[in-house]
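**Q** Chains as they are written, first to last, in my numbering: chain A, 26 to 334; chain B, -9 to 88; chain C, 4 to 99.
Hints in this document: simulated from the structure, not taken from any laboratory.
Here the structure is a predicted model, which means the values were calculated and not measured.
Where hints are given, some of them may not hold.
To be verified - Calculated cross-link-like contacts (lysine-lysine; reagent style DSS-like; alpha-carbon spacing at most 27 Å): (1) A/Lys101 / C/Lys44; (2) A/Lys203 / A/Lys101; (3) C/Lys94 / C/Lys44; (4) A/Lys203 / C/Lys44.
One-letter residues, chain by chain:
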Amino acid sequence: MSLAFDLALCALILGTAGLAVAGGNLFGSVVFYIVYGVLIALAWVSLGAADVALAEAAIGAGVTGVLLIGAWQGMKDAGGLEAEITKSLPVRVLAGLGAAALGALVGFAILSLPGHDGLTGPVAENQPALDLGNPVTAVLLSFRAYDTLLETLVLTAALAAVWSLTPARFWGGIPGPKHITRPDGVMASFGRLLPPLGLLVAIYLVWAGADQPGGAFQAGTVLAAVWILIVLAGLRDEPRLSSLVLRLIVIAGPLVFLGAGLAGALAGLALGYPEGHARTLILIIEYALTLSIAATLALLIAGPARRAP
Amino acid sequence: MMADLFMLAALCVLISVAGALIRAWRGPGRADRMMSAQLIGSGGVGIAVLIAAARSEPAILDVALVLALLAAFAALAFVKTVTPEGAGDPEADEAENP
Amino acid sequence: MSAMECFIAGLLALGVFFYVAGTVGLLRFPDTHSRLHALTKADNLGLGFIVIAAGLYWGDGWIAGKLALVWLLTLFAAGMAAQLVARAALKAEGGE
C-alpha cells in the first residue's frame, strides 16, 4: 500500500513539474510551483526524513509562495507580462532534450548507488558523546558543523547581494510598500491571531530539534513567515535597513557560531567543542541561529529598500 | 492492517487532490488557480496526518502542523495582488464607500 | 476487526468522501464564489473526520491535542482565506 502511494506521489510530482514549465499562463506556473513544494514535502514525509520535510513544508509551501507572487506582482507593475518571449522551435526542442538527458543521468546515478546504510553506523557510535537525541542535529551542528557555519554565512552574503540592488537614493531605507489595512477587517484579525501561535510553533521546533526532528532552520523559517504576515496585514512597518539593531540580529547567529569555535580553540581544540560542554554550546548556537535565519529570510523576501529612510 | 487502511485513505486523498490540478490548469481566473493551490495545501495536511497515524510517528504530525500554519500564506499574497500597488486590503474600499 | 476498528474505518471513509466532494465541487461548480464554498467547507470537514480517526487510533492524549490544534489552525486559515479571496474575486470581476 505504501508502494502504491509512493508511485502515485511520484507521478503527481513529475506531472506538476511538467505543468509548471509548460503552462502558458505565468500565474498558473507560479501556482503549480507552490503545489510542487507541498508534494515534495509529502515525498520527504514518505521517505521518513521529518527534518527535511519540516524545512520543505515551511519554505516550499509557505514562504516561496509569497516570494513568487510578489515577483509576479513586480513583473505586472513593470509591464513585463505583456511581452511575449518565444524562442524558436529548435531551441526549445534542444532545451527539452538537454533537461531530459540531465534528469535521466541523475536518476541513473541515484539508482546505481550501492545499497548500504551510509553513515548511520558511525553517527550512532559517536552521538552519545554529544548527549543529543536527534542524529540530524548531531551531524549538522557537530560532525559537519563547519559546513553549517559556512551556509549561514552564505545566507548573509545573499542578503548583502539583494541589498546591493538598492537605488542610491533609497539606501538604508524601508523595503516594500506601505501596507494599508482596514483595522477591524479579516486581514488585520488574521495578522493578530496567527503570530502568537506561529511563535509558539517556532520555539517548539527549535527546542525539540535537539532530541527529535526540528531545528534552527525550520524554526527560523516559521518566524520569518510570521513576520511577513504581520507586515502584510499592515500591523507593523518594515524596519529601516540601516538600523544597527537589525544588522546585529542578522549577524548574531554566525558570530555566536564562530565564538563557540573560538572557545573550543581556547580549550585546545580549534573549531571544536570543549569536552562535556557540547550540548550546551549546541543549544546556544541553535537559538542564536534561529533569530538570525528568521531575520535574514524575512529581509530577503522584503527585498531592497524602496522608500527613503 | 489498520496502518494499511490509513495509507489507502492517504492514497485516495492524494488522487482526489490531483483532480484539483485540472482547475489550476483551466481555471479562468487567478482566484480559481489560487483556490486549487489552497485545496492541495489542505489535502497535504490531511495526507500528513494519515501517514503520521499509519506509522505512529509524532514527528510527521509536526510537519502537518507547520503545513497547516503556513497554508494560507500564498492565498494572502495573492489577495494583495488585486489591490493597488499590492499594498491594500480588499475590504478597505468597502469601509470608504459603503 | 473489532468494533473500534470498524468505527475508525468508517470515519476514514467519511473523511475521504468529503475530500473527494470538495474536489468535485471545485471542478464542477459554475463560478468562483460557489467553488469557494466547496473548498472551504468540504475539505475542512474531511480533515476533521480524518483527525478524529487518527486520534482514536493513536490513543495518546497529548497527540490528540496536537491533532485538534492542526484541525483548528486549518479551519482558521481556510476561513480567513475564503473571506479575502471572495472579496478579491469580486474586485477582479468588477475591474477586469
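**Q** With reference to the structure, classify each hint as holding or not holding.
**A** Hints, one by one, checked against the model:
Distance restraint check for A/Lys101 and C/Lys44: the Cα-Cα separation of roughly 33 Å exceeds the 27 Å cut-off, and the hinted pair is therefore not satisfied. Taken as a hint, the A/Lys203 and A/Lys101 pair is honoured in the structure, with Cα atoms around 18 Å apart against an allowance of 27 Å. Proposed proximity of C/Lys94 and C/Lys44 is supported: the alpha carbons are some 23 Å apart, at most 27 Å. Annotation: proposed proximity of A/Lys203 to C/Lys44 is violated, straight-line Cα distance about 34 Å (limit 27 Å).
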